[in-house]
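> One letter stands for each residue in the lines below.
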Amino acid sequence: MLIEARDVPNLGFNFDLYSRNDMLTKKGLKPPGYLKTGTTIVGLIYKEGVILGADTRATAGPIVADKNCEKIHYMAPNIYCCGAGTAADTEAVTDNISSQLKLHRYHTGRESRVVTALTLLKSHLFRYQGHVSAALVLGGVDLTGPHLHTIYPHGSTDTLPFATMGSGSLAAMAIFESEYREGLTRDEGVNLVTKAICSGIFNDLGSGSNVDICVIEKGKKEYLRNHLTPNPRTYISSKGYAFSKKTEVLLTKITPLKELVDVVQVGGDGMEE
Amino acid sequence: MKCNLLILRGPGLLPLGLSFPPSQQGIAYSLHKSSSPLNIHSHFFTSSSLISSRSKVFCHICLAVISDSFRSCADFLYDMGDSQYSFSLTTFSPSGKLVQIEHALTAVGSGQTSLGIKASNGVVIATEKKLPSILVDETSVQKIQILTPNIGVVYSGMGPDSRVLVRKSRKQAEQYQLLYKEPIPVTQLVRETAAVMQEFTQSGGVRPFGVSLLVVGYDDKGPQLYQVDPSGSYFSWKASAMGKNVSNAKTFLEKRYTDDMELEDAIHTAILTLKEGFEGQISGKNIEIGVIEADRTFRVLTAAQIEDYLQEVE
Numbered sequence: 004m005l006i007e008a009r010d011v012p013n014l015g016f017n018f019d020l021y022s023r024n025d026m027l028t029k030k031g032l033k034p035p036g037y038l039k040t041g042t043t044i045v046g047l048i049y050k051e052g053v054i055l056g057a058d059t060r061a062t063a064g065p066i067v068a069d070k071n072c073e074k075i076h077y078m079a080p081n082i083y084c085c086g087a088g089t090a091a092d093t094e095a096v097t098d099n100i101s102s103q104l105k106l107h108r109y110h111t112g113r114e115s116r117v118v119t120a121l122t123l124l125k126s127h128l129f130r131y132q133g134h135v136s137a138a139l140v141l142g143g144v145d146l147t148g149p150h151l152h153t154i155y156p157h158g159s160t161d162t163l164p165f166a167t168m169g170s171g172s173l174a175a176m177a178i179f180e181s182e183y184r185e186g187l188t189r190d191e192g193v194n195l196v197t198k199a200i201c202s203g204i205f206n207d208l209g210s211g212s213n214v215d216i217c218v219i220e221k222g223k224k225e226y227l228r229n230h231l232t233p234n235p236r237t238y239i240s241s242k243g244y245a246f247s248k249k250t251e252v253l254l255t256k257i258t259p260l261k262e263l264v265d266v267v268q269v270g271g272d273g274m275e276e
Numbered sequence: 014m015k016c017n018l019l020i021l022r023g024p025g026l027l028p029l030g031l032s033f034p035p036s037q038q039g040i041a042y043s044l045h046k047s048s049s050p051l052n053i054h055s056h057f058f059t060s061s062s063l064i065s066s067r068s069k070v071f072c073h074i075c076l077a078v079i080s081d082s083f084r085s086c087a088d089f090l091y092d093m094g095d096s097q098y099s100f101s102l103t104t105f106s107p108s109g110k111l112v113q114i115e116h117a118l119t120a121v122g123s124g125q126t127s128l129g130i131k132a133s134n135g136v137v138i139a140t141e142k143k144l145p146s147i148l149v150d151e152t153s154v155q156k157i158q159i160l161t162p163n164i165g166v167v168y169s170g171m172g173p174d175s176r177v178l179v180r181k182s183r184k185q186a187e188q189y190q191l192l193y194k195e196p197i198p199v200t201q202l203v204r205e206t207a208a209v210m211q212e213f214t215q216s217g218g219v220r221p222f223g224v225s226l227l228v229v230g231y232d233d234k235g236p237q238l239y240q241v242d243p244s245g246s247y248f249s250w251k252a253s254a255m256g257k258n259v260s261n262a263k264t265f266l267e268k269r270y271t272d273d274m275e276l277e278d279a280i281h282t283a284i285l286t287l288k289e290g291f292e293g294q295i296s297g298k299n300i301e302i303g304v305i306e307a308d309r310t311f312r313v314l315t316a317a318q319i320e321d322y323l324q325e326v327e
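Protein chains in written order, with the working numbering: chain A, 4 to 276; chain B, 14 to 327.
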């Protein structure tokens, strides 16, 4: 009945059913699978702010489960977060912390800071001891300037000028390491991020489909959903199969089959035996 | 010779102290009135006594004066339910009223005037902001608060109580949003806030809130204005006032209100109503106005904007 001053939940995972689950697995029951996001996610700081990039493939084992999922999550009007790892975990964690940030904004009357989001996320992940499989690239611009951080599933963080995470991180990092420099312009930054994500898309099986970009500057943001679509889906044409126009029609002759072959109706109703 | 001293502090009781057998040496026990109704302490002191052969034997026995009932000395475990704070402060009177809620409404009635008016294309709330002294930094005080991007609230009565409710309501709105992925409808938020206020009229050890809230919002059902009382009852109003000058303000509003009022008219009417009972010179610094227009975003007007409206009204 007493109202809590803190709005943050204090609970972690409940492992009471561990021995029961272990016993079931030993008896042959397969545990339910989960959707991972393979993924290439990147972020970099340019002259006026932060650019985040992500691919759009979600995998369930060897199968592509979602060809165009959204991996750049909203945290605050000036903060966005890319998520790699288990899709449900990244969604839930970013939603939860986004909600906490919103309440904090109402209470303080101020814009959220990136370090606030960072601390809330890392505390949450640490509390769950790495069982929440979410690897995040957090970026935003607040009154102290542009910031970019990476957060690992166990709760450790890095602060970097450019960062990559996910299964395609090595491919993307190769691009960043060779071409990043300080003081990039917006277009240069967007091109570099696109290049890094494409490198992940084409060289990593866990990443694919399209490129999403989010540009955050002081006071404004641009969410460029499907900024680049290098893997368009081809569908069966509604016109049916048509010969290519270069084929010359030499002769058109129609021969009814009855003239060449005897068509005999067997007694009975045809289909019945 | 060993001496055992047992001191027990129970809620609302003076401590019961027993010592047997008696000792001459340094037995110190303190008599404190329990301040917190939910604490039970027990202290065990063991001290060995050096009793000389010629020392007198004397016995200390203090009996606790128990407010409700007399308990035996052997009964060391105090049941929290029997303390004087365990029952609800809001108990029915023989006439069927809850006296504490009546008193809470009196507290509201002695608070600063606040009012709200629902227009056809928006809704406005306004309140006096009389500060206790000219030395108070008026920019640090804000009575009108935002709950969600399209819902705002103002109160009459005890400020600290309203802060608790505002915090709770904001959290409930967020939880609703997280669960249903839609912004909370105004009626739902009002219902949940009213439920909290009702809880505090039917629980042990707590008192009702000393505030009435005017909640305004603009959702799919259009602009809405609700009043929530300390009892937990809520009403939807076209125009309402609360606080010190409530009867005059309500009469004024009844005369002035029309169903097809526009928001600008509503703001002017709100200012005029406040002006009616205002002691001293009204200005942008000692009233607060919050509006929701057709864009469905709640905002508090700045002092400069209020000054503009005041000039229009004159």
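None of these hints come from the bench; they were simulated from the model.
Certain hints may be false.
Keeping only pairs whose Cα atoms sit at most 30 Å apart, straight-line, the calculated DSS-like set for lysine-lysine is [unchecked claim]:
1. B:LYS142 / A:LYS249
2. B:LYS194 / A:LYS105
3. B:LYS181 / A:LYS105
4. A:LYS223 / B:LYS184
5. B:LYS268 / A:LYS125
6. A:LYS70 / B:LYS194
7. A:LYS223 / B:LYS194
8. B:LYS298 / B:LYS288
9. B:LYS142 / B:LYS288
10. A:LYS221 / A:LYS50
11. A:LYS125 / B:LYS184
12. B:LYS184 / A:LYS221
13. B:LYS288 / A:LYS70
14. B:LYS288 / B:LYS184
15. A:LYS125 / A:LYS242
16. A:LYS125 / A:LYS50
17. A:LYS242 / A:LYS221
18. B:LYS288 / A:LYS105
19. B:LYS251 / B:LYS181
20. A:LYS105 / B:LYS142
Quantities reported herein were computed from a predicted structural model and do not represent experimental measurements.
> With reference to the structure, classify each hint as holding or not holding.
We went through each hint and held it up to the structure:
1. B:LYS142 / A:LYS249: The given pair, whose Cα atoms are some 85 Å apart, is violated under the 30 Å limit.
2. B:LYS194 / A:LYS105: holds, 14 Å
3. B:LYS181 / A:LYS105: holds, 14 Å
4. A:LYS223 / B:LYS184: holds, 27 Å
5. B:LYS268 / A:LYS125: Given pair LYS268 (chain B), LYS125 (chain A) is violated - Cα atoms ~58 Å apart, limit 30 Å.
6. A:LYS70 / B:LYS194: OK: LYS70 (chain A) and LYS194 (chain B) at ~24 Å, within 30 Å.
7. A:LYS223 / B:LYS194: holds, 24 Å
8. B:LYS298 / B:LYS288: Within the cut-off at roughly 14 Å; holds.
9. B:LYS142 / B:LYS288: Within the cut-off at roughly 12 Å; holds.
10. A:LYS221 / A:LYS50: Measuring from Cα to Cα gives roughly 11 Å; hence the hint holds.
11. A:LYS125 / B:LYS184: holds, 22 Å
12. B:LYS184 / A:LYS221: holds, 28 Å
13. B:LYS288 / A:LYS70: Violated, at about 63 Å.
14. B:LYS288 / B:LYS184: violated, 35 Å
15. A:LYS125 / A:LYS242: Measuring from Cα to Cα gives roughly 55 Å; hence the hint is violated.
16. A:LYS125 / A:LYS50: Since the Cα atoms of LYS125 (chain A) and LYS50 (chain A) sit roughly 27 Å apart, the hinted pair holds (cutoff 30 Å).
17. A:LYS242 / A:LYS221: It is violated: about 50 Å lies between the C-alpha atoms, which goes past 30 Å.
18. B:LYS288 / A:LYS105: Violated: LYS288 (chain B) and LYS105 (chain A) sit about 36 Å apart, past 30 Å.
19. B:LYS251 / B:LYS181: This hinted pair holds, its Cα atoms lying about 26 Å apart.
20. A:LYS105 / B:LYS142: holds, 27 Å
Hints 1, 5, 13, 14, 15, 17, 18, counting from the list given before, are not met by this structure.
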